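Each protein sequence line maps, in turn, to chains A and B. Following the working numbering, the numbering of the first sequence begins with 1 at its first residue and continues without gaps. Following the working numbering, the numbering of the second sequence begins with 1001 at its first residue and continues without gaps.
These are computed hints drawn from the structure, not numbers from a lab. Just so it is clear, the structure is predicted and the values come from calculations on it, not from any experiment. Some hints could be false.
[As the list claims (entries may be wrong)] Calculated pairs, DSSO-like style, for lysine-lysine (alpha carbon to alpha carbon, straight line, at most 27 Å):
id: 1; chain 1: A; residue 1: K110; chain 2: B; residue 2: K1209
id: 2; chain 1: B; residue 1: K1368; chain 2: A; residue 2: K135
id: 3; chain 1: B; residue 1: K1007; chain 2: A; residue 2: K110
id: 4; chain 1: B; residue 1: K1268; chain 2: B; residue 2: K1225
id: 5; chain 1: B; residue 1: K1206; chain 2: A; residue 2: K94
id: 6; chain 1: A; residue 1: K146; chain 2: B; residue 2: K1225
id: 7; chain 1: A; residue 1: K25; chain 2: B; residue 2: K1203
id: 8; chain 1: B; residue 1: K1209; chain 2: B; residue 2: K1225
id: 9; chain 1: B; residue 1: K1225; chain 2: A; residue 2: K25
id: 10; chain 1: A; residue 1: K127; chain 2: B; residue 2: K1209
id: 11; chain 1: B; residue 1: K1469; chain 2: B; residue 2: K1482
id: 12; chain 1: B; residue 1: K1264; chain 2: A; residue 2: K127
id: 13; chain 1: B; residue 1: K1203; chain 2: A; residue 2: K94
id: 14; chain 1: B; residue 1: K1268; chain 2: A; residue 2: K25
id: 15; chain 1: B; residue 1: K1206; chain 2: A; residue 2: K146
id: 16; chain 1: B; residue 1: K1206; chain 2: A; residue 2: K127
id: 17; chain 1: B; residue 1: K1268; chain 2: B; residue 2: K1026
id: 18; chain 1: A; residue 1: K11; chain 2: B; residue 2: K1225
id: 19; chain 1: B; residue 1: K1203; chain 2: B; residue 2: K1118
id: 20; chain 1: B; residue 1: K1015; chain 2: A; residue 2: K110
id: 21; chain 1: B; residue 1: K1209; chain 2: B; residue 2: K1026
id: 22; chain 1: A; residue 1: K11; chain 2: B; residue 2: K1115
id: 23; chain 1: B; residue 1: K1206; chain 2: A; residue 2: K25
id: 24; chain 1: B; residue 1: K1115; chain 2: B; residue 2: K1015
id: 25; chain 1: B; residue 1: K1300; chain 2: B; residue 2: K1264
id: 26; chain 1: B; residue 1: K1209; chain 2: A; residue 2: K25
id: 27; chain 1: B; residue 1: K1206; chain 2: A; residue 2: K110
id: 28; chain 1: B; residue 1: K1128; chain 2: A; residue 2: K110
id: 29; chain 1: B; residue 1: K1225; chain 2: B; residue 2: K1128
[Claimed, not checked] According to the in silico footprint, chain B covers these stretches of chain A (three or more CB under 8 Å from chain B):
id: 30; region: 33 to 43
id: 31; region: 80 to 86
id: 32; region: 145 to 159
Ideal Cβ placement from N, Cα and C applies to all residues, glycine included.
Read off the chains here:
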Amino acid sequence: MGKMIVIDIDKCTGCGVCELVCSFKHHDEFNPLKARIHTNIFWQQEIAIPVVCYQCEEPWCGRICPAGAITTEKDTNTGATLVTVSEEKCVGCKMCMLACPFGNILVSDKGYAEKCDLCGGEPECVKFCARGALKFVEPELGMMAKRKRIAERILDSYKEVKY
Amino acid sequence: MYGWTGKFLRVDLTKSKIRVEDTDPKIAKDFIGGRGMGVKYLYDEIDPKVDALSPDNKLLMVTGPLTGTGAPAGNRYMVVTKSPLTGAIANSSAAGAFPSALKYAGYDMIIFEGKSKKPVYLWIDDDKVELRDAQHLWGKTTRETESAVIDETAPEAKVARIGPAGERQVRFACIINDLGNAAGRSGVGAVMGSKNLKAVAVKGTKGIKVADRVGFYNAMVACYKTLDYDYIEEFHQTGTPGVLALVKEFGALPTRNFQTGVNKDWEKICGETLADTLSVRKRMGMGDPACPVACARITKVTDPDFAGVGAGPEYETIGMLGSSCGVSNLSAVSKANFICNAMGMDTISTGSTIACAMELYEKGYLPKKDVGMALNFGDGNAVVELTEKIALREGFGDILAEGAYRLAEKYGHPEFFMGVKKQEFASYDGRALQGMGLGYATQPRGACHIRGEVQDLSLYGVNTWRITKDRKIEKVDPLTWKDKPVLAKEVQDWFCMIDSSGMCNFMFFLGVDEDQCRALLETATGIDLGGYKGFMKTGERIFNQERLFNFQAG
């Protein structure tokens, strides 16, 4: 399977550098509101959760788009599934905003729908994520770390029982 | 202007008037922002001799050109005013989302002047700025205030506020923003309280543009690359309390009001113990924007006597409310820390003042009837009780709320006050770390551990600095004076710059050096600082401006 942005919630500190570098890349300014990725902090639950386009295999935003501006492609270099918006075809009707169940696409002040485009195969957010909560890898590898952590916990309880 | 927003707010609390003014480009160039711009504006606008708690004093909240950008930990602001604790310049810095939000709203700083007749709070919604009634918030804790203000304004609002300690003008009250970030020292919260200003809430939706997009990006990448990720990982796991194990190696852990630097119970209060027993989630920076470290943590205490949940405690807190008071119960220290956060009080000064009272009491200079209870070193319950009393200025707390200097003076033994310029030492013993001692002695805001950090060179063996590289100094012996004066001067100037830029000064020991900081500043703002020399000269200018303020304050 192609690469994707794999999120490791346990590692996210909620620093939001992903938002800053995203807006800098696509809008030439530091403004979390213009970012295509967002970190949500729930401090009472002591957890921070980044939300970004999951690049659906069958995107609802694409299905609803009356202008046919949203298509699913495979990036040739990384094999990543990429849901793209054609700036020329987009008429700014905002139907995609209604359709996306995750709120990850929006029509910006530029007049067309904007969403994560994986920065052409080198996502900025991943590059700057100091704690490694965001990774751009094959999902099989991305999940490996998580599985290992679970295994470690099993190991702990196993030890308790056995020894 | 790039980097800066070019505008600032002037809020006249006496007349309830708010004006938007242009940031002076000349001052911005010469004094950068944060600490530098703050002291310049303050010096120009007030008579340094004014009473710190009178309406004539002004309170400045200043961001830097890197605040709100993607520069590593570029998320700080500086509160600059005349200190009610020291009578000298006060500049207390805090991180969090509030400083960035202020920049996103389009302002480099806010200048508060005069005094409101009744309690108010300031609500900044981008261009819409208004003073709102805060009588119903008066008396509320910092957390209650934050949620009430967010309810009344917007869910996205970031709030800096004072607690009951600031309202009662405890001389070391602080200003708390976001979850538990404090502009802690020198009593800036008391100044805010004296102006009847309860809180400042900001919602910002605009962005920050930089002058040289590609240059800034490259500078940013260089910074992130140079960071020492192994050290970050270590620091991330234990936070600042991890420093305790290092400091005790040097015999510099203040114990029982600095009577000794060796605490045999150090293992009970060290960072690892805290991480293992009370931290509920280590991996939580509480959303300090762009911080690669996330050294903060959330603590939960289940012990029924000291139950609570919240941010902290930091190393300084454990050192002062714990070790210096002889307390080796982390739950008690955490509880006192929660109270300080809720009430809006500096944990360092609170701890040191209580420790001073304890020493006076044990040596028989402080009669029991004055305190109203026994006050021996190691009594965690007494520390918690007194912390609360100080915040509310209740009983003996009223005397402690004046700070350790005034307490020791009152009982005729000023030698038991541990500090400089009436401000209490932080949790490093200057005798075992001579460089730190020099830093304490020379800082314009009084004893301060974070502005002349020569001790870090000995503590962490930092060899990445240009300061040490240029001089080929490889090791700094903490116990001697060798190399210290020249290092102290260079470090002070360099810290003036990093404090003025809006970046967190922890970045320096993670590897960000002077040239990288300069590259960030120059590409963000488009000004030429004149190379390394000019950069350090600007730092020196800021430092001298602070000295000048102190000199004129008398």
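- Item | Violated hints - listed by number, lowest first | Per hint list: 2, 4, 12, 14, 15, 17, 20, 22, 29, 31, 32 violated.
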